[in-house]
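Q: Chain residues, written in single-letter form:
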Amino acid sequence: MDLTLSSDQEMLVDSARRFLTRSWPAEAVRAAETSADGHDPKAWSEAAGLGWPGLCLPAEHGGSGAGMVELALLAEELGRAAFSSPLLAQTTLVALPLAWEGNAAQRTRWLPALAGGELIGSAALVAPGARDERSSPPLEGRRSGDGWVLSGSRVLVPFAAVSSLLVVLADLEGAGVSMLVVEAERIAALSRQQALGGDPMYAVSFHGTVVGTGDVIGRPGSGAALFARALDHATVASVSYGVGLGERALELSVSHACDRHQFGRPIGSFQAVAHRCVDMRADLDAARWLARQAAWALDKAGASGESAAPAGAPAAVAGASGESAAPAGALEVAAAKAYANDALRRVFLNAHQVHGAIGFSLEHDLQLFTRRAKAFELSLGDTAQHRGRVAEAMGLGRSR
Amino acid sequence: MDFELTEEERRFREDLQRLLAQELPEWWRGMFVEDERVMPFTKRFCSELAERGWLTMAWPPEHGGQGASVWQQAVLREEMWAADEPRGPQYMNLNYIGPLIMRFGTDAQKSRFLPPMARGEVIWCQGFSEPEAGSDLASLRTRAVADGDRFVINGQKVWTSYADSPAEWCLLLARSDPEAEKHRGISVFLLDMATPGVTVRPIATMAGPHEFNEVFLDDVVVGRDCLLGELHRGWDVVVTGLTFERVGIARYARAGRVIEMLVEHVRRTGRDSEPEVMDKLADLRVRYEAARLLNYVAISIQARGEVPTTEASVARIHNTQLEQLVGHVGLELLGAAGQLTHDDPASPLGGEIWRQWVRNIPTTVAAGTLEIQKNIVARALGLPRPA
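Protein chains in written order, with the working numbering: chain A, 1 to 400; chain B, 401 to 787.
What the hints contain is simulated information worked out from the structure, not anything from laboratory work. Each residue gets a CB set at the ideal place from its N, CA and C atoms; glycine is no exception. Take these hints with a grain of salt, some might be off.
Estimated spans, in silico, between C-beta atoms of each pair [said to hold, decoys possible]:
no., chain 1, residue 1, chain 2, residue 2, range
1, B, D402, A, E118, 28 to 38 Å
2, A, G62, B, G735, 55 to 65 Å
3, B, P461, A, A26, 52 to 62 Å
4, A, S255, B, A580, 29 to 39 Å
5, B, E630, A, A59, 53 to 63 Å
Covered by chain B, according to a simulated footprint, are these stretches of chain A (three or more residues, beta-carbon under 8 Å) [claimed, not checked]:
no., segment
6, 2–11
7, 258–270
8, 274–286
9, 335–348
Work out the full structure, taking the sequences as your base and the hints as a guide.
A: Below is the structure:
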């Protein structure tokens with residue numbers, strides 16, 4: 001047990017923070033938000049130059065071979081800067097599934113280009129009206145010759161307009177639920193949506209898109225498990241990004257509480273204000289370590305191909321009968337997201353209260369983070385859903 | 401970054417669990433119960449641990465310890481606290497009173513006081529709080545007046561845990577220089593509780609016996625050989641001691657054990673698939689994970705030989721509130737029967753959930769209130785001091 005960073009991990013964090021401070025000030029966030037496609041190609045190519053899109057991909061496909069722990073550390077820094085990019089979704093929902101189960105042709109064709117940042121990939125997972133990614137019914141695939149014709153559409157697809165490939169989940173007639181990679185040219189239509197978070201979001205129609213077995217990642221019909229694994233990775237990365245958003249909100253709050261004077265004193269000298277900042281610190285530290293633990297559990301499960309034992313839990317809890325039946329890392333991932341959803345809500349309530357009226361203005365940077373934190377909470381599963389997963393991993397809910 | 405205990409540490413946990421299964425009597429419910437078997441049992445249990453070398457395993461070898469890793473110590477603390485602390489009041493000796501004597505004591509004090517602690521034979525209490533000195537501990541008024549090679553002490557202590565166990569010794573704070581700035585005029589004394597002039601009066605609390613006492617000191621004479629650390633520099637000892645104390649108790653481990661009891665209870669009563677029940681237990685489990693990890697963050701810093709002041713306070717903020725929440729939610733899950741106290745034969749789970757609730761009412765007050773912990777973190781965030 002050692003919850004400190006290795007020197008390599010420290011270097012990753014330091015270099016990310018230095019790059020983002022220099023190249024991604026709040027003006028860049030605002031510029032990306034008001035641009036046509038929400039994408040900053042210069043920042044993306046610089047990020048690619050730092051090796052970020054390939055951070056967790058295997059070395060033989062042009063990646064650095066690091067793990068989810070490293071991606072989580074990087075994501076904290078990205079969140080702290082409100083860095084807008086397809087990086088996290090591309091890594092966890094497109095590149096990693098291809099690396100895990102893609103065939104040789106798919107890996108050769110896509111992974112080096114994704115790792116190098118020359119291609120952008122995204123995932124189209126939310127059905128219109130669905131609660132979230134996990135609850136969305138898959139697209140329908142009707143048999144047609146050697147392949148299938150898709151029907152259905154997805155919403156809230158990030159960076160779709162600049163993506164060369166999209167990952168989808170489809171129920172293929174005769175084969176079952178499968179994860180597919182679809183080139184952008186084959187998409188029927190896409191249209192920009194107005195979403196609160198800041199990342200560019202699109203509605204994408206897949207009506208009439210033709211796919212074949214060569215587009216399926218892994219075995220046809222094995223998509224549900226692969227999708228669940230990819231979503232867990234995406235969830236952890238998003239929690240770490242969310243922690244970074246909260247970190248910046250805390251920095252802004254402390255700075256405001258030191259500078260702003262009322263009654264002849266800095267407002268941070270009032271305990272009522274100071275303790276809100278401390279509550280933010282306590283919430284963020286908990287969310288950060290829950291996410292890092294989940295990342296570690298996913299790395300361990302991936303490396304061993306078997307269930308990771310819950311880390312250092314006293315046997316009283318870890319040994320509760322039935323707990324080990326849950327998929328590797330499920331409890332840790334769900335715990336992180338369940339906690340972080342509520343924690344970020346509290347963190348941003350506190351941040352706005354400390355800032356007073358100025359935090360509500362568009363001219364202040366806080367709102368950039370507030371909106372992204374709300375988008376985080378509304379993506380990849382709400383608190384109730386993730387608590388349900390924790391409960392199942394605890395062995396509850398069996399008598400239904 | 402590694403979230404896993406070593407094979408050796410896991411085996412040590414299993415050894416401890418075997419010992420607990422073997423040694424804990426069926427009636428054991430912790431030390432705050434009206435039962436004269438309790439304190440003698442804790443001493444027997446400490447001797448048993450001492451025989452195996454586990455009582456002072458965290459201490460350096462020159463004081464009879466084994467220099468165990470901080471993670472072995474963490475495992476020991478978890479298993480002990482989860483089992484309602486069968487070491488009784490002596491956990492304080494091991495966690496910080498002993499280490500303070502090692503750090504600040506003379507050679508004579510070390511050889512006089514540490515061996516009985518290492519054998520598990522002596523109960524200490526801590527004379528810090530006073531009626532007018534709680535969070536503002538440095539304003540304490542108990543006076544120690546130098547008189548040749550001895551001190552004469554007069555004053556009153558309050559909320560002194562375990563003084564009526566009975567404790568044989570007390571780590572006592574008193575004002576030795578009333579003229580100096582308040583942090584600069586305090587000294588620490590090692591007081592034999594059998595000294596004439598010491599009177600212990602238990603305070604009846606919601607939680608049961610031994611929890612708290614008043615201690616009256618009337619012309620109590622203490623030799624200079626029982627002054628710990630430099631005269632008037634006792635505040636340094638206090639600050640070090642409080643940091644030890646904050647990571648000294650694995651509170652989350654007891655919460656984890658109670659969560660497990662609740663899971664079994666809702667299974668037995670057929671409520672384990674009610675969505676609200678699942679939601680509440682999952683929330684407790686998530687907060688337990690958070691509290692445990694934040695303790696491990698503080699311990700990881702200790703393992704590097706650094707002092708985790710801020711991290712220990714953040715961990716304590718989570719731990720203490722988790723302990724309270726587990727009691728509240730636990731009683732809620734028991735429903736109306738949750739009103740039955742531990743001495744009612746129909747009390748669900750033998751009154752353990754009642755006990756979890758009632759014992760933790762003062763948890764966010766002891767060893768530095770929640771607000772004091774938050775003040776510590778506020779300073780670390782760089783916020784200005786209150787006026």
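Q: Now, for every hint given, state plainly whether the structure supports it.
A: Hints versus structure:
The hint said 28 to 38 Å for the Cβ distance between D402 of chain B and E118 of chain A, and at roughly 35 Å that hint holds. At roughly 59 Å, the beta carbons of G62 of chain A and G735 of chain B sit within the given window of 55 to 65 Å. Against the hinted window of 52 to 62 Å, the Cβ-Cβ separation of P461 of chain B and A26 of chain A comes to about 56 Å, which satisfies the hint. Checking the proposed 29 to 39 Å range against S255 of chain A and A580 of chain B shows it holds: the Cβ atoms sit about 37 Å from each other.
In this structure the supplied range 53 to 63 Å holds for E630 of chain B paired with A59 of chain A, their Cβ-Cβ distance being about 59 Å. Residues of the segment 2–11 of chain A with a Cβ under 8 Å from some Cβ of chain B number 6, which satisfies the need for three, so the listed coverage holds. Closer than 8 Å: that is the beta-carbon criterion, and the segment 258–270 of chain A has 6 residues meeting it against chain B, so the requirement of 3 holds. Coverage of the segment 274–286 of chain A by chain B holds. Counting CB-CB distances below 8 Å, 9 residues qualify, and the rule asks for three or more.
A stretch counts as covered by a chain when three or more of its residues have a beta carbon under 8 Å from one of that chain; for the segment 335–348 of chain A and chain B the count is 3, and the coverage holds.
When each numbered hint is compared with the structure, no violation occurs for any of them.
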